[in-house]
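There are 2 protein chains.
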Amino acid sequence: MNLDGLKDVFAYLEDNFDNDLKATQQFLRRKSISATGEGIRETAEVVKGMIEEIGGTSSIIETPGHPIVYGKLDEGARYTLLIYSMYDVLPAEEPDWISDPWAAEIHDFKDYGKCIIARGAVNTKGPTVAFFNAIKAYKKVKGNLPVNLVFLIEGEEELSSKSLQEFMQDNKAKFAECDAMFFPSFGEENRVASIFMGVKGIVSFELKAKGGSWGGPTERGIHGAFAAWVGNPAWRLVKALSTMIGEDEKEIRVEGFYDGILPLPEESEGALRNSADLLDEEEWKKAYAVDRFKWDLQGLDLWKKMLTVPTLNIDGIKGGYIGEGSKTLLPHEASVKMDMRLVPGMDPEDMLGKIRKHLDKHGYSDIEITEYGKSYYPSSVPYNSTSVQTLKRMYEQMGARPQIWPWNPGSAPYYLFGKILGLPYVTGGMGHGSRQHSSNEYCTVKGVLDFEKSMIYYLSLFPEVAEELKNSQQ
Amino acid sequence: MNLDGLKDVFAYLEDNFDNDLKATQQFLRRKSISATGEGIRETAEVVKGMIEEIGGTSSIIETPGHPIVYGKLDEGARYTLLIYSMYDVLPAEEPDWISDPWAAEIHDFKDYGKCIIARGAVNTKGPTVAFFNAIKAYKKVKGNLPVNLVFLIEGEEELSSKSLQEFMQDNKAKFAECDAMFFPSFGEENRVASIFMGVKGIVSFELKAKGGSWGGPTERGIHGAFAAWVGNPAWRLVKALSTMIGEDEKEIRVEGFYDGILPLPEESEGALRNSADLLDEEEWKKAYAVDRFKWDLQGLDLWKKMLTVPTLNIDGIKGGYIGEGSKTLLPHEASVKMDMRLVPGMDPEDMLGKIRKHLDKHGYSDIEITEYGKSYYPSSVPYNSTSVQTLKRMYEQMGARPQIWPWNPGSAPYYLFGKILGLPYVTGGMGHGSRQHSSNEYCTVKGVLDFEKSMIYYLSLFPEVAEELKNSQQ
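Chains A and B supply the protein sequences, listed in that same order.
Residue 418 in full-length UniProt numbering is what sits at position 418 of the first sequence, and the numbering runs on without skipping anything.
Residue 186 in full-length UniProt numbering is what sits at position 186 of the second sequence, and the numbering runs on without skipping anything.
Hints listed in this document are in silico derivations from the structure and should not be mistaken for laboratory results.
Any given hint could turn out to be false.
To be verified - For lysine-lysine, the following BS3-like pairs were computed, each having C-alpha atoms within a straight-line distance of at most 25 Å:
| hint | chain 1 | residue 1 | chain 2 | residue 2 |
| --- | --- | --- | --- | --- |
| 1 | A | Lys72 | A | Lys172 |
| 2 | A | Lys210 | B | Lys285 |
| 3 | A | Lys285 | B | Lys210 |
| 4 | A | Lys250 | B | Lys208 |
| 5 | B | Lys208 | A | Lys208 |
| 6 | A | Lys250 | B | Lys210 |
| 7 | A | Lys294 | B | Lys361 |
| 8 | B | Lys210 | A | Lys208 |
| 9 | B | Lys210 | A | Lys294 |
Small disclaimer: the values here were computed from a predicted structure and weren't measured.
Working from the sequences, and respecting the hints, build out all of it.
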């Protein structure tokens with residue numbers, strides 16, 4: 001299938017785009033906040049309906065956490081693609097949204113032209129609903145898709161996909177016919193579109209210092225004047241944290257933190273060299289409102305730092321009186337939310353053990369560690385897999401330069417698809433959006449249409465590429 | 001005047017105590033939260049009414065912040081006492097109140113018997129309203145008081161008395177006839193009642209680390225994956241803070257922090273030696289839910305630590321995502337609320353300069369310092385002053401052992417009364433309450449009655465003691 005063969009579907013998409021845009025906005029207006037559970041179940045029902053509307057079968061499967069929406073669209077095709085996505089989003093408590101994050105209004109936003117401003121616009125309810133819009137159009141114009149689809153759409157991605165691993169282990173049979181996994185997303189920026197051949201791993205956890213046998217108030221904050229007599233858990237947390245990192249975050253001082261990291265494959269080193277020029281560093285800094293990169297890194301060094309080095313980040317810190325004005329208080333506890341991002345060769349469970357050991361060694365055995373959700377292993381898929389090669393060809397033929405990365409610096413539970421189901425995976429699509437996890441998360445309106453076209457093309461290409469790869473291996 | 005001469009007033013107080021208790025509860029039920037302004041103006045009006053009800057004149061005087069209630073009760077007496085108090089309280093957001101902090105319910109609380117549980121029960125709306133109850137009773141039974149009163153009741157004590165200094169400087173004439181200042185409070189614990197001959201000083205301030213030219217996101221938090229490229233203001237704050245204090249808070253490492261501290265006067269050293277046995281250390285730890293004193297201090301060392309050593313306390317720390325669950329975020333700012341408590345010889349303005357210098361020296365000139373409200377100088381009054389001697393005699397004759405301290409480890413703007421008006425001051429009264437600034441702030445019901453009696457006795461003694469001191473100095 002080439003692009004000419006899809007002209008009729010693309011024309012249909014263009015003609016009906018107003019409806020698709022409305023459907024996209026409508027889906028974004030639903031709250032589906034996994035952290036609080038708000039709107040989760042209702043949204044799962046809606047997603048089930050979306051699968052059924054394109055002619056599939058679907059069921060809502062309970063987990064110990066939020067339900068998973070499972071579905072199948074059997075088109076009698078030779079190959080089957082597993083579509084993995086999520087229907088949950090983060091809260092949207094940031095104060096500086098230009099419009100209600102749940103109103104999904106369209107604004108001219110910065111240099112991006114018309115954009116939908118909404119929590120989930122890019123991560124990931126925007127692409128999810130647009131994917132269904134695309135399938136609907138294809139089926140209307142062409143009939144059956146050239147590939148079967150299996151859907152796994154979870155509601156806990158923003159809670160580290162807590163229930164996903166167990167679900168997959170217990171339900172391998174549900175995915176037996178799948179040939180690859182694809183996660184639809186807006187992957188384009190200025191006609192450059194990224195292909196990540198894997199993901200960094202992640203461990204999210206909390207450290208909590210509480211009053212106890214070492215000192216400090218144990219049940220409640222007490223008057224600040226007693227600082228003369230009683231130790232302060234906030235000071236304790238600060239001192240403990242400061243042992244974990246060097247000046248200017250130059251190195252992580254947790255013993256053995258960098259042990260076992262695998263060297264970057266030669267193929268990936270090459271990909272990086274080809275990509276270093278692609279980042280407009282000044283543009284990036286402007287977009288993210290950052291004045292300066294760490295240690296004035298630039299060019300290839302910047303990319304190497306992102307992709308080959310693990311991080312230990314403070315996501316949030318809290319303790320004592322944090323309201324308006326002042327209150328002299330000696331708090332009884334203080335806590336910090338952190339995440340580690342891991343590169344291949346690092347094991348999440350080991351890493352948490354290293355944090356524990358470090359704290360103990362420095363005299364902070366009282367500081368509690370709580371892991372949030374499931375940790376993710378770092379993982380990668382081969383360059384020569386169907387998922388990657390289909391995406392590469394799709395981008396090239398749709399006029400975007402494919403930018404191939406060893407792995408995504410963000411994190412996702414993709415490793416499970418390799419580890420449990422043995423599937424190659426990739427994430428992508430045309431279209432643009434950004435500011436995920438921040439205020440004014442957006443996607444461009446034009447990008448929604450481009451994305452819909454690219455999804456149709458990806459699904460059309462997949463069986464062809466699969467055949468070619470199979471033949472070339474024989 | 002001896003206690004026998006007040007029997008009729010005391011009997012009246014006992015007979016009418018139900019009404020006084022109700023009035024006390026009613027006053028505590030009013031919110032008057034200076035941090036938010038809630039109920040402030042209404043409560044100022046009520047206080048004005050209380051002064052008028054005892055036959056005084058009163059006016060509400062505007063300030064740049066919350067209004068001050070000024071009043072006079074001219075009894076044609078020779079001596080005049082300035083009654084300084086406050087009508088504002090802290091917020092009451094602590095989660096573990098056993099009853100609504102604004103309901104002022106009466107409960108059997110711990111070992112203290114019947115107590116009023118309310119924000120402000122001890123600090124300081126409880127004593128304030130009970131003071132007026134006492135005056136009302138005295139005037140009903142005896143007619144004129146033996147001393148004139150001037151009232152200065154402010155609404156910003158919990159905001160470091162921001163407007164008080166300017167008000168006093170601009171209105172010295174309003175206090176020209178005053179001979180001493182008295183701050184009514186519940187000063188008793190197990191028949192031991194404290195007399196503080198001064199107060200520690202305090203500086204409350206915030207340090208804020210923000211993204212800027214050093215690095216870090218400048219406008220909003222960004223995705224935590226970018227920790228590979230972008231510095232984290234929360235790490236920066238942690239590293240900066242950790243330079244300010246030694247391990248286990250053993251010493252404050254801000255350069256020159258301890259410079260200029262005056263040695264404890266011999267008289268105070270003696271008072272401390274007499275007092276060390278008075279603290280039941282195990283009892284105190286139980287009451288404050290603390291397992292262990294700093295560095296296992298005990299006895300005289302404990303008291304010396306409290307009274308002769310300044311502190312640098314973390315009141316609260318905040319940055320990034322502090323909601324439920326996890327969110328991988330690289331925050332754009334992090335801040336910490338702190339207070340320093342100062343002993344004689346230390347100057348609040350100097351101290352803030354030392355913090356600035358310390359941060360600059362360690363490379364943190366970007367970290368902003370904001371002072372909260374006005375700082376308080378440490379100060380003390382002579383042992384042989386009317387205020388102290390009247391209180392001492394009152395306690396002794398009412399059956400409480402007076403416990404004389406060099407100064408209060410808490411802080412209050414009392415230094416202004418010495419510095420601007422040249423008045424000796426003291427704070428005290430019978431009655432017991434505690435847990436100020438915490439959940440379940442309380443005062444005992446019995447203590448309210450004891451306090452009312454003690455106020456009548458204090459006012460009756462004052463002119464006598466003043467005469468005696470005058471004669472002894474001639």
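So, going through the hints one by one against the coordinates:
| no. | hint | result |
| --- | --- | --- |
| 1 | A:Lys72 with A:Lys172 | holds (14 Å) |
| 2 | A:Lys210 with B:Lys285 | holds (16 Å) |
| 3 | A:Lys285 with B:Lys210 | holds (16 Å) |
| 4 | A:Lys250 with B:Lys208 | holds (21 Å) |
| 5 | B:Lys208 with A:Lys208 | holds (22 Å) |
| 6 | A:Lys250 with B:Lys210 | holds (19 Å) |
| 7 | A:Lys294 with B:Lys361 | holds (21 Å) |
| 8 | B:Lys210 with A:Lys208 | holds (24 Å) |
| 9 | B:Lys210 with A:Lys294 | holds (15 Å) |
Of the hints listed earlier, there is not a single one the structure fails to meet.
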